[in-house]
Each structure stands twice: as structure tokens, then as C-alpha cells.
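Undergrad: Turn these sequences into a full structure, and let the hints guide you.
Here the sequence shown stands for residues -25 to -1, 1 to 322, where the numbers follow mature numbering (1 follows the signal peptide of the UniProt record, and there is no 0).
In short, the hints are calculated from the structure, not lab data.
Just so it is clear, CB atoms sit at the ideal spot from N, CA and C, and this is done for glycine as well.
Be aware that a few hints might be false.
[To be verified] Computed spacing ranges between beta-carbons, pair by pair:
1) A10 - P285: 49 to 55 Å
2) D57 - T317: 33 to 39 Å
3) E70 - D40: 18 to 24 Å
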Amino acid sequence: MPASSLRRLLALAAATVVGSTAVLGGGGVATGEPAYAPVDQPGPALTVPADDLAKSLECTPDVRDATREPVLLTPATTVDSDQNFGFNYEPLFRELGIPYCTSNSPTDPYNMGDMQIRAQYVTYAIREMHELAGRKIAVMGHSQGGMIMRWSLRFWPDTRAMVDDVIGMAGTNHGSVIVPALCVPNCAPALWQQRANSDFVRALNSGQETFPGISYTEVYSRTDEFVQPNLDDHGTSSLRGGGGDITNVAVQDVCPLAVPEHLLIGTLDPVTAALAVDALTHPGPADPSRISPSTCTQLLMPGADPLTAPLDFTSVTVQVAAQLTVAAHRVESEPALACYVTASCPA
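TA: Encoded structure:
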């Protein structure tokens, strides 16, 4: 599917959403909604095979005994880490001397499956990176990847002491009102779970959305065609509190004329990159006032090769469109919540 067809698909989805903003909320009450696990309830044992967990994490050598905060990169739905970060953030981090790891499921490389399983890989990665580095880490991701670490922090409380920064780029923290139209009549499990009114989203934001000791930087675009509503910091990407320091910031708050869409936010947008680096190189979350006005004149983020990045971006666009149309990914309904999500689950 060409890029123009993908844009038409997403525009059609947006046009078919009627009155959907009413379902957006942090932990709203729905008929039959379960009592969720207390936020301090110890997390369950990981059920993903140990060999698969070990294969999922790849790190630069300087993560071991790191002398600065290392970053775990978590990709979006429909792509793997190399497609999401290989032509942008990985070269930038190497240039800046920032250690990093990537997390990819060997059985679900494009993150289309049940995100509760994906979160097990992220939980494993946080623990392994923290032990390897001997210090707190940052977790940074795009779209699904900008939200999935929060499932680990919510339901595996031991990970909270291991994370210093959470950086979300167009994260689906409260789902999206665009996604339901993509699930007619069916869609991939990860898309069912990223609807604004999904069981997954309600569980994710139950109890509290953020935790003390962690700095949260949530970057979004008002012109994002896929993750909506995102018109202000009451939108879907922004976090509402509970603990920790939070910066919710639109790209347009820094550069009013910027118009990045969903894929650009997590790949080539210079404002998003500047905010991410600011969060990684200062205590606390990003501070938009520290971003140079010259960032608004840049076409691409640092680290991206101006000769090859446009072609790389086009390849990612084609990949996203292809994955959205793969029939094998599609299921009839959202995956059931795991037992550990509820307060009534046996220990």
C-alpha cells in the first residue's frame, strides 16, 4: 500500500469516529469493570520462554557499567526497533555517547499481538538493563512503544525503582479514537487494545498513571492523524499524574508552525528529538524553554542522514501500511485481561 493510500485509510478512520471523545479517560468506570490490582501488588512471574526473552534484548557495549543513563528503545505497532530507530535515534545516541538497548519480540517482531505479552519483554528488558548498567535507565518509545513501559511500571512494581525517565513520542497512553474504525470488522490484538475505550487502556490507567521517582516526558503533535484527540495536554498522549514529574508538550508548543504527523514524531521530527535529548541530559523531564529556536528551522533531527533518511522514512510508511492490512494478524475481539490485572486474582 503506498503512503497516499495509508493516509486515506487513516482519514477514513478519523471521519467515521462520531462522539468518540466521550470515552477518553484515565480510568473510567464501565459496566462490569473489574476491581484492578492494587498498585503495590507484586507482579506475576514472566511466562514468556526464557530463551525468547534473552533473544529480545540487544545492547551497545557501553550499557555495561554505564557511566550515564542508558536508554531502552521500544518501537511502535507495525514496525521493529531497526525500522523505528535504526536510521535516526540509534546513530544520534552513538554520536552523543548515550548507551542504549533495543527490545524486540522474536515471535511478534512487529508488535501486532497481545500487548500484555509484549509488556513481559519490556519488563525483562528493564530488569536486565538495570542490572547490566548498575544504575537507573530511561525507557523511550514511539506510539505503542511510548506507552507499553507503563504497563510494566503499573503491574510489576519492582521496575519503578529501576527507571529514571519515561519518554513517550505520540504515545497511546489513553488509546486513540481513530483506532476503532480500523477494527471494523476486525483487527490485530494490539489495535483492539489501543482503542480509547479498551479494557487494556482502562487497566493501564487504573489506580494511578505515574509513579514517584520517575520523570515523564510526553511529546505529541496536534496534527497527528492516528493518535487522537491530541489537541492539548488533556489529550490521549498526556499523563494526568499520580507521582513523579511530568512534562506534557506538543511539538507546536515549541514550534507553532510545525505539522509533523504520526510517523514523523517517532522517527525524524527535530523538535521531538530535541525534547528527548533534553530529558536524557538534564535532571527531571524535558523543559521546552531549553529548546533552541533554531530547532524550528531544521528539516530533520540530528543523527538522520539527509541523503538516505527520506527513503528510510518511505520504507517505514510502506511497512506500516502493509502490516495494517495483513489478514493473519486480525482477530475478532480484544484479548482478555490477564488474571494479574485484577484484585481478585489468586497469588
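Undergrad: Against this structure, judge whether each hint is valid.
TA: Status of each hint after checking the structure:
1. A10 - P285: 49 to 55 Å: This hint holds: roughly 50 Å between Cβ atoms.
2. D57 - T317: 33 to 39 Å: holds (36 Å)
3. E70 - D40: 18 to 24 Å: holds (21 Å)
Checked against the numbered hints given earlier, the structure satisfies every one of them.
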